[in-house]
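Visitor: Single-letter residue listing:
2 protein chains.
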Amino acid sequence: METLSKHEVFGGTLGYYRHASTSTQCAMRFTVFVPPKPTGAGLIFLSGLTCTEENFTTKAGAYRVAAELGLTIVVPDTSPRGDDVPDDESISLGKGAGFYLNATQEPWKKNYQMESYVAQELPALIEKEFAVKKFGLFGHSMGGHGTLTIGVKYKDRFHSFSALAPVCNPSVGGWGAAALEAYLGHDTGQWAQHDATQLMKTTKGDLPLILIDQGLADGAYKEGRLNPEAFVAACEQVGQPVKLRTHEGYDHGYFFIQTFIDDHLRHHAQQLGA
Amino acid sequence: METLSKHEVFGGTLGYYRHASTSTQCAMRFTVFVPPKPTGAGLIFLSGLTCTEENFTTKAGAYRVAAELGLTIVVPDTSPRGDDVPDDESISLGKGAGFYLNATQEPWKKNYQMESYVAQELPALIEKEFAVKKFGLFGHSMGGHGTLTIGVKYKDRFHSFSALAPVCNPSVGGWGAAALEAYLGHDTGQWAQHDATQLMKTTKGDLPLILIDQGLADGAYKEGRLNPEAFVAACEQVGQPVKLRTHEGYDHGYFFIQTFIDDHLRHHAQQLGA
Chain A
1 METLSKHEVF GGTLGYYRHA STSTQCAMRF TVFVPPKPTG AGLIFLSGLT
51 CTEENFTTKA GAYRVAAELG LTIVVPDTSP RGDDVPDDES ISLGKGAGFY
101 LNATQEPWKK NYQMESYVAQ ELPALIEKEF AVKKFGLFGH SMGGHGTLTI
151 GVKYKDRFHS FSALAPVCNP SVGGWGAAAL EAYLGHDTGQ WAQHDATQLM
201 KTTKGDLPLI LIDQGLADGA YKEGRLNPEA FVAACEQVGQ PVKLRTHEGY
251 DHGYFFIQTF IDDHLRHHAQ QLGA
Chain B
1001 METLSKHEVF GGTLGYYRHA STSTQCAMRF TVFVPPKPTG AGLIFLSGLT
1051 CTEENFTTKA GAYRVAAELG LTIVVPDTSP RGDDVPDDES ISLGKGAGFY
1101 LNATQEPWKK NYQMESYVAQ ELPALIEKEF AVKKFGLFGH SMGGHGTLTI
1151 GVKYKDRFHS FSALAPVCNP SVGGWGAAAL EAYLGHDTGQ WAQHDATQLM
1201 KTTKGDLPLI LIDQGLADGA YKEGRLNPEA FVAACEQVGQ PVKLRTHEGY
1251 DHGYFFIQTF IDDHLRHHAQ QLGA
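Top line first, the protein sequences correspond to chains A and B. Residue numbering for the first sequence follows our numbering, beginning at 1 and increasing consecutively. Residue numbering for the second sequence follows our numbering, beginning at 1001 and increasing consecutively.
Because the hints were derived from the structure by calculation, they are not lab data. Careful, some of the hints might be misleading.
Unchecked claim - Cut-off 27 Å, straight-line C-alpha distance, at most; resulting in silico cross-link-like pairs (BS3-like, lysine-lysine):
id: 1; chain 1: B; residue 1: LYS1201; chain 2: B; residue 2: LYS1095
id: 2; chain 1: B; residue 1: LYS1059; chain 2: A; residue 2: LYS37
id: 3; chain 1: A; residue 1: LYS95; chain 2: B; residue 2: LYS1059
id: 4; chain 1: B; residue 1: LYS1095; chain 2: B; residue 2: LYS1037
id: 5; chain 1: A; residue 1: LYS59; chain 2: B; residue 2: LYS1201
id: 6; chain 1: B; residue 1: LYS1006; chain 2: A; residue 2: LYS222
id: 7; chain 1: B; residue 1: LYS1059; chain 2: B; residue 2: LYS1243
id: 8; chain 1: B; residue 1: LYS1133; chain 2: B; residue 2: LYS1110
id: 9; chain 1: B; residue 1: LYS1201; chain 2: A; residue 2: LYS6
id: 10; chain 1: B; residue 1: LYS1133; chain 2: B; residue 2: LYS1095
id: 11; chain 1: B; residue 1: LYS1037; chain 2: A; residue 2: LYS59
id: 12; chain 1: A; residue 1: LYS6; chain 2: B; residue 2: LYS1059
id: 13; chain 1: A; residue 1: LYS59; chain 2: B; residue 2: LYS1059
id: 14; chain 1: B; residue 1: LYS1006; chain 2: A; residue 2: LYS59
id: 15; chain 1: A; residue 1: LYS153; chain 2: A; residue 2: LYS109
id: 16; chain 1: B; residue 1: LYS1133; chain 2: B; residue 2: LYS1222
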């Protein structure tokens, strides 16, 4: 693991790092905020389409309260990167659009193994290098999709969950269906394993309370690309506790994230016992 | 004035705007945050080298406390822009490097009239369009230079002042001397009108308390490009109240700004009676 730069912020330290990933077979970048008094609780934040590790790190305004609560915050990139990694001209396929799954189709399957990266390789590295003992997971948009799908599948790894404007039902259209088909092939049975709404219906509803925030002026929401209501209905079907808050006037961007991020940090700190 | 986009944030509204400036003879962009309950107090933030209106707006994390205090916040670009505007390959001359002065030399003098823009044209527009009644001025690096020089010269317009890692003595080297020569010519007497340290020595020290924050791991500071100590000495010479706070470990970037911005907002709110 190579340290690219380090910056003091709110009495803690924000570092940019790069390492050779075995999951994605390329160099992956991420940032880590270490609070002045770490509690051992760490959060991984999954970003949305087109983002890198930089967007949340510079724009979310999360580190003030993370410092106060003693939370370590890790922000990975959204896909494999590099000249040898396949890409697509669509913003919702290829670089910046890994969808937090393990691709099974050519040309994607060699590098696009973001599920393994985020659920296994990255937390193992963070545990070792930054002494994090217990992880929570949260994310925005495509990263909300990653949070809710990985959350269901890796209950032993992650112990608290929240999402901002998550993509909740990608197998039925909007952002997601085209990517799921490209990465996973035509068998829609496979897609269900990467659709939070369908996955939730197969569980016992035994995750801790999931917090979701959604802006009502969010263009993607209004176009039906997010569909948190479908996810909430699936939760209700299996008795999974979920809290969906809607906010008049807020859109899909980082000003929305900034406004509500503190509530997410407090939600995770409480659930992780930080 | 044209509205480019608007975003809800912390219960207020952040807008991106563009207008045809008579000072700089080109289209100028700026952002305005209007808090949920405006008090009539407004701050203009002047950014550093290479920045546009975007950097502070997305990275400073200022709107949470601005919303709480009822402060309107205006962030202009750092120079004239457009294909017809002269530029230079140096990061400290031309676009992104207006130095908040009125250039007298070719090819700069037509468009590089940022002092008039920031001290007169922009606040007049904001007064009219956003009902701001009383202005404060603050800034970072080159924008700290702009704050302290314009602060001395336009006492009737601005009523509170603060700076983060300001360029305090540009006429004697570091960032600034080359730009001052290009914009103002060889007469160093003219440069003194755009050097906060020299200007302060000519005053009665009758500005309200000026707050300055400086990180001690700031590369520009360590190389002598900022020199807040010279400015503080000039203040002491004329009896001007000034508070310079230094911070171990903090560098020159927006993580430093994020960490201390709330203190600046509270400083201005108090001085403006917001």
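Visitor: Compare the structure with each hint and give your call.
Guide: So, going through the hints one by one against the coordinates:
1. B:LYS1201 to B:LYS1095: Violated, at about 30 Å.
2. B:LYS1059 to A:LYS37: 24 Å, holds
3. A:LYS95 to B:LYS1059: 24 Å, holds
4. B:LYS1095 to B:LYS1037: At roughly 35 Å apart (the allowed maximum being 27 Å), LYS1037 of chain B and LYS1095 of chain B break the hint.
5. A:LYS59 to B:LYS1201: Not OK: LYS59 of chain A and LYS1201 of chain B at ~39 Å, beyond 27 Å, violated.
6. B:LYS1006 to A:LYS222: Roughly 17 Å between the alpha carbons, so the hint for LYS1006 of chain B and LYS222 of chain A holds.
7. B:LYS1059 to B:LYS1243: This hinted pair holds, its Cα atoms lying about 25 Å apart.
8. B:LYS1133 to B:LYS1110: Answer violated: LYS1133 of chain B to LYS1110 of chain B is near 30 Å, above 27 Å.
9. B:LYS1201 to A:LYS6: Violated: LYS1201 of chain B and LYS6 of chain A sit about 38 Å apart, past 27 Å.
10. B:LYS1133 to B:LYS1095: With a Cα-Cα distance of about 31 Å, the restraint between LYS1133 of chain B and LYS1095 of chain B is violated, given a limit of 27 Å.
11. B:LYS1037 to A:LYS59: Cα-Cα ~24 Å, so holds.
12. A:LYS6 to B:LYS1059: 17 Å, holds
13. A:LYS59 to B:LYS1059: This hinted pair holds, its Cα atoms lying about 5 Å apart.
14. B:LYS1006 to A:LYS59: 17 Å, holds
15. A:LYS153 to A:LYS109: Status holds; Cα separation ~20 Å.
16. B:LYS1133 to B:LYS1222: 39 Å, violated
Comparing the model with each numbered hint stated earlier shows that hints 1, 4, 5, 8, 9, 10 and 16 do not hold.
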